[in-house]
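Colleague: Under my numbering, the first residue of the sequence shown is numbered 33, with each subsequent residue one higher.
Worth flagging that the hints you see were computed from the coordinates, not collected in a lab.
A few of these clues could be false.
FRET-style restraints, in silico, Cβ to Cβ [said to hold, decoys possible]:
| no. | residue 1 | residue 2 | range |
| --- | --- | --- | --- |
| 1 | GLU39 | LEU486 | 37 to 47 Å |
| 2 | GLY442 | ARG382 | 36 to 46 Å |
| 3 | LEU490 | GLN393 | 43 to 53 Å |
| 4 | GLU147 | PRO40 | 36 to 46 Å |
| 5 | PRO75 | ASP380 | 27 to 37 Å |
Backbone N, C-alpha and C define an ideal beta-carbon position, used for all residues, glycine too.
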Amino acid sequence: PPAPVPEPLAAELTAQNRALLQRVAFGDDVAHDAEDLLARAQPHLPAIGRRPDLAEPLGNVCLYAVRAHVQAGRRVLAERTALRCLQLVPDLTPDPDVHPPRVRRRLARARAERERVGERLVVTTPEDDPGECAVRVQGRRMGATPRVEVLLAPGPAFVQVECDPEPGRVHALELEGGGRSEREVPVGLEQALGGAGPLSLGYATAARRDARRGDHGARLVRALQLDAVVLAWRTGDAAHLARVDAQGATVDARFPAGDAVALGAALDALAEGRSVDLGPASPRPPRAEPLQAAAPSPAVYRRTPAYLGFGYGFVLLGIGGLAGGWGTYVRWRETNDALDGIDDAEFDRRFQREDRSLVSQLEDRDAQRVQALALGGGGAGFLSLAMPLLLPEREGVPWGAWVAGIAGAGALGAGLWLRRDHETPDAEGLRFQQAQPLAGLVAMHGAPLLTIPLVYALRWAAGRARRDRASARLTPLPGGARLELGLAL
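Take these sequences, add in the hints, and give me the full structure.
Modeller: Here you go:
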């Protein structure tokens, strides 16, 4: 469930709602202060959005930032910030008594832009889960189950489904935009999980537990990315175990509660994929024999001709991808500079009458950005795949690999620095692009370089693992058992 809004943050939202309005009305540039407050409020959207006394000030503060950008002539920043306002408050409706027409027009354009670049999120619940539950996105009530479709701007999204008065569990998503995605929320499982604390499932009746444990166990396996989970419960003097895999297949074990030896036999049976009933009156299993782990077969890496052929092929594809990415970036820069050279008044006039040449330039710019990042990412990926195939065998991690890793970290850091740098407008306020592809292309060069020390480190770890030997012995004792483990290096 979402944490409550910190009181200092709630008080600041309320106070700044009035203070920023007075400042921006007198021409002050409040964009930085407003955006700083928005950044601190974003992690608390599930709790802020459900409170009208805080959701309205949050939307107002965002629109004050839009107004400040408009007054300063930062057209691109105003467009991006208006789209962000719709990402923070999807059902944002500006008050005409507070926000002037030019701000409302920017928000209307942002809604049209959301139609083009946004993502349609479909929230559903399983057929056997309770119906007519409230669906909240960013804390705002957007409809009721069993199915709700919401158009959202790209960025973080927080989804909740609530069938009780208490707030629902928060599902954090990252929406890329430009498509359609579906999120199924298992309300019945969330109700069974209950609140915070150790992971456990609770059911009103034994019949409901037996009916739902297979489905709920499979959902936990997929959510936690496990091979299987083991559910445990007790009825009288008998203890029960159920092993559930990702497909919901279940094997069961029953044994006397408190009998450690029977517990070991039950776990062995589950691991073998068979059900067993050792009931409270069943005899103890026979004494376990020592288990000696088999020595793993050596797996020495050899650069065969096939490996080298694939490796050099990946290198050529990688170099071609990066070169194509930089070439597309040059074309993107030319298109972006041409758009920035248009006078603000002329841009607004052509935008309002949907001038085809302007729309075509905007579409070309967005397509070139995506192509540059896709080509660069593909090239970096192919180069990273080539490293395990081409790097020669060495003892440990050679110093040259560390140098390559440091260079890769430097490229990644430079990309992050460039991204942060491009989030601040220049003196003219016209060259801002939140999705600046230059930062991504620079950072992508770090992936294959960082792969070099990683490959050598994994080879070194695998070589050590081949030298390990392990043993285990389970010895029954009165009222329990002793497990002995041995490891020789």
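Colleague: Determine for every hint whether it applies to the structure shown.
Modeller: Structure-based check of all given hints:
1. GLU39 to LEU486: 37 to 47 Å: Roughly 45 Å apart at Cβ, these two residues keep to the hinted range, so it holds.
2. GLY442 to ARG382: 36 to 46 Å: Roughly 43 Å apart at Cβ, these two residues keep to the hinted range, so it holds.
3. LEU490 to GLN393: 43 to 53 Å: With Cβ atoms ~47 Å apart, the hint holds.
4. GLU147 to PRO40: 36 to 46 Å: 37 Å, holds
5. PRO75 to ASP380: 27 to 37 Å: 35 Å, holds
No hint from the list above goes unmet by this structure.
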